[in-house]
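Number of protein chains: 2
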Amino acid sequence: MSFEETIEAKCINTIRFLSIDMVQKANSGHPGAPMGLAPLAFILWRDHINFNPKDTEWINRDRFILSAGHASALLYSMLHLTGYDVSIEDLKKFRQYGSITPGHPEFGLTSGVEATTGPLGQGFANGVGMAIASKKLAVKYPDINHKIYAIVSDGDLMEGISAEAASIAGTLQLDNLIYIYDSNKISIEGSTDLTFQENVGKRFEAYGWHVINEINGEDSEKISQAITDAKENDKPSLLILKTKIGFGSPNKSGKETAHGEALGEDEVELTRKALNWHHEPFNVPKEVNEHFKEITKGKINYYKNWTSKNLTKITTDKLEQDWASKTLKALDLNEEKDYSTRDVSGMVLNKLAENNEWLIGGSADLAGSTKTYINNSSSISSNNFDGINIHYGVREHSMGGINNGIALHSNFLPYAGTFLIFSDYMRPSIRLAALSRLQVFYIFTHDSIGLGEDGPTHQPVSQLMSLRLIPNLYVFRPADYYETVVCYQSALKLTQSPSAFVLTRQTVPTIINETLQGVEKGAYIVHPYGADIEEDDIDLILIGTGSELHLCLQAKEILSRTGLKVRVVSMPCWKLFDEQTEEYKNKVLPQKVQNRISVEAGTTVGWQKYIGDHGFSVGLDEFGASAPGKIVLEKKGFSVENILSISKRLLRS
Amino acid sequence: MSFEETIEAKCINTIRFLSIDMVQKANSGHPGAPMGLAPLAFILWRDHINFNPKDTEWINRDRFILSAGHASALLYSMLHLTGYDVSIEDLKKFRQYGSITPGHPEFGLTSGVEATTGPLGQGFANGVGMAIASKKLAVKYPDINHKIYAIVSDGDLMEGISAEAASIAGTLQLDNLIYIYDSNKISIEGSTDLTFQENVGKRFEAYGWHVINEINGEDSEKISQAITDAKENDKPSLLILKTKIGFGSPNKSGKETAHGEALGEDEVELTRKALNWHHEPFNVPKEVNEHFKEITKGKINYYKNWTSKNLTKITTDKLEQDWASKTLKALDLNEEKDYSTRDVSGMVLNKLAENNEWLIGGSADLAGSTKTYINNSSSISSNNFDGINIHYGVREHSMGGINNGIALHSNFLPYAGTFLIFSDYMRPSIRLAALSRLQVFYIFTHDSIGLGEDGPTHQPVSQLMSLRLIPNLYVFRPADYYETVVCYQSALKLTQSPSAFVLTRQTVPTIINETLQGVEKGAYIVHPYGADIEEDDIDLILIGTGSELHLCLQAKEILSRTGLKVRVVSMPCWKLFDEQTEEYKNKVLPQKVQNRISVEAGTTVGWQKYIGDHGFSVGLDEFGASAPGKIVLEKKGFSVENILSISKRLLRS
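Those sequence lines, one after another, are chains A and B. Per numbering that gives the first Met the number 0, the first sequence starts with residue 0, numbered consecutively. Per numbering that gives the first Met the number 0, the second sequence starts with residue 0, numbered consecutively.
These are calculated hints, taken from the structure and not from any lab test. If you're wondering where the values come from, they're calculated on a predicted model, not measured in any experiment. Virtual Cβ for every residue (Gly too), placed ideally from N, Cα, C. Hints are supplied without guarantee of correctness; some may be wrong.
To be verified - Derived pair list, reagent style SDA-like, types lysine to any residue, alpha-carbon separation capped at 20 angstroms:
#1 A:K608 x B:Q590
#2 B:K24 x A:P627
#3 B:K574 x A:F615
#4 B:K91 x A:I630
#5 B:K336 x B:H549
What the hints assert, rightly or not - Far from chain B, some chain A residues (derived; all Cβ distances over 12 angstroms):
#6 E7
#7 D46
#8 K230
#9 R271
#10 G297
#11 S307
#12 D342
#13 S376
#14 T509
#15 I511
#16 H526
#17 D536
#18 L563
#19 T580
#20 K586
Please construct the entire structure, taking both the sequences and the accompanying hints into account.
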């Protein structure tokens, strides 16, 4: 019997042609990588990955990440063949509106998809996060012993985020990580030699990884043996698989033309001939279906065996129900004292850690500044995964990607701290958290020019507003001690969304506030600062966020003495406010009051939404300056005097 | 004579204590790194760096980048001592408002500062760009033979951007690059072992670098010899310098407490004692001043020698004066044909390349898709720096940082292409280009959900608006062939700003437009689509950008048939429009016309500025979907029908 006639070859070609057919039918997509990777995929699922398509949430399933998300047709084919809820009809709707088989894999949409991938490097970092999560869980539940597999491409390994994550994985010696590098020597612009001549294997050895070089992508035995070796090794493993992009296509294999477009009807036919494949498009030979059923049956047996032995009930509640109200009371508040909101955030985090086995996180080498260190816990290291504190190093982007992976893995609530300015470094990961509906927390301190002497290189101007633009991301900018606590409480309830806390470096007074429940609505009238005024009598509304709310309150005091009726509105979270009823919104910002001033130490673009045509926005549309924080703020117009003068001008106009 | 009494030791301690004194006086800053690096800085400037403080623009000066920008006190001290326009008074104003010695080095502000650094990893990438620029220049002007030096820190090397740039530097074998890695084993959170156990030397060897390990940071001879070796090596070099952070401080040296705050008066005194330094703060011993004068004299001699031999006049004009008008006529336009704006951009770039020896750039492995390849030129490689085309690989962030370096080096106009969604990956570099006032071009294609099947992972929603928030960045979103050309013309004139072009994947019709000069004003009335209507008669203004302008034009046609008087405004560049006179702005968007609808396939936040309280914004505040572009656009409300229905609703209200 020739190899072609073996069931293995048939399975591999089925994977190959399902992928080809999907792309061809959609007339859009990436056939090349699936064609080259089909043998690896088959071997990986047959011999190694433990899964149960009927219990996709099984805590000890092996995780598989297609970091090279453009090869999605491969993943969907595998999910179909191994019994997941992905039908041939779904495959035929590849890349069509409303289908569960979109252009790139989306977590939450398709059964069996473990991570949203496509933007390169992200999946690589996600896997590192999953590996950390798994090891942490295994401290308490030693039966957790699954692996994290990923297919990573040249592009994944060129991206900086993967370099960062690889260094962390090496430092933590994540031996549960097995990455297969699809080394096909082809990138979109041509040979990888154009831009990628480095010795990848040597680089990963330098990170502390176990590397297996030069595995022939068509050699099933070698592939399987390499994976077995990797499973037994006590380091993270990188398997360098030499594949041919577009394998089987007479005119396109080994070329960049196989990468990002359908092969074309003619070339598909030629490929069928070349691989001696006589089946109609989307046809899965009966014996192939049977064989995959057998494979899946074996997997389910393993699953049953594991679950019957391991009755561990893993709690899924992240928090006691009454944590929020308890905490506010329990925190050691001195109302006479000024706190920076970053300090309060640190107190809340530490309190949260007391009651929560799911909290995990850290900062990009700024724990002291971002107040993200949990004092009653230890640091995660290669020989201790029991702690809460992760040291990400100066690696914001992978911090974001790793935290997404931690959240994807199970029930963890990961947090990440850095300066607000460096949110830019991790923006692609923040966006993917929002798209994937992951609850992760971002703790962004040093939130304005108020940070002072570090100067414009470190002073955020556009970052706050820019975060507000990301769909499904809640951005909180609390003004004081109480607001910070309530913002955390609100964010804890948003289990389908990431939340960003934007916090001061400098201290701010504590407002003795009678209307704290308003914080949860995103914006509210600061009692007793103006709620007592009848709507018809209001001369002016001052809207402030964060540290600038205090300027509004001071300005209000002075304006009130002149007989003006001024309302102060605090707006810690735009998105929550936007979600309120029209009635509530109009109560806080009555349409008839057109004299409105917003005060926020960031870009003014966007504030027109709340201040209206007649309003004025005190903000900053230029870069900051290096000087003590108070001086920079004053020079840039964030002073009571400036608000007073603008108020007068506005009231005159 | 003990070492302490040598002039070398005195110079080194002068550098050390100037830095200590600056930080102490400001009571803010980073003393630790300068204290550890003082010997290296002295040796580097004395024996190696060629410079002339009186001709800071000298084309063949060695470039020095302090990628670890927080060590700015070190750089300012060196600039003072070597005769740059940085006085002791300037040093005393370290980190104060309006000084030329801000917290982190800022290009353009301080004589001798070659790059704005602080956000880690950026300087590393800048140097790679400078090295490319220098080598390209040397093809035409072989006398150009200077080096690029940088000090990089642990943090720099943890950041992904530096990993990306290092791989490119290795591939291109940039032998003019000499980086000194300040390996002090300390990061802010503690020992680097917490998070950075990799073998850095081995990693850089894997990239193709020449690595010199374990150089004692106090051993002047070894340091100088290593730099000499690096200069002679035909690879980029990394010198791993073992230093002690806070060297000399009895209680803080070798500890993270030496990193980010003033030592404190007492510790400064103890350090003075420990290093036997009896000079007052900011006092530079006479013999030290003399010695530095001698050093500088030698440098100026070298300068004179070089300049007298090399009479090469390097053109500084980037373009012929009449390039712009010429180009528009010269481009091979078929008005009957539809073009995508990315296609037009490609035509413009190729035309630009014909007349311009300063153009250089490429894409992050998307040349074919972003239309950024210059056909009549070659690819830059380790043995060819004559070409225009750089292959950055899938490395958006370093592409941004490298292009900043190219622009910093001399007169080059670098461009960078990728999908708009991946602008997020390079955002920190874009921001630094804006802060540093560098003219660089970003070519962001696939600019909306209109890109289609690749789905929400690749569809930008917030990116366009988010770019508009960055101060000093001009964002252009042209609607057709003509607008694209004029946007390029406008951007070419903005020599102190970066410009981003936001371009369609899909084709759009060519508008036979009578008012093209309006494009340069950022927004204009599309003739003859409504300019003929008297202001008082306008029922409705439709404002569109990019591909959505065409929906506005179609809607206007239909609405006009019902007797409504509709003006269509095209708004390719917000910032340019904002810079126009109030008169012009009011002419385009008359205050009295309150019925306004904006149509743009991106977030609506921000549009309130132009549509006003009564207006409506057709936009997208959620993620996209995977399907053919037209279908996604329609499903998300970007159809003539939807604009018509909203228009009717608005006119009724």
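Are any of the numbered hints broken by this structure? If so, which, sorted upward? none
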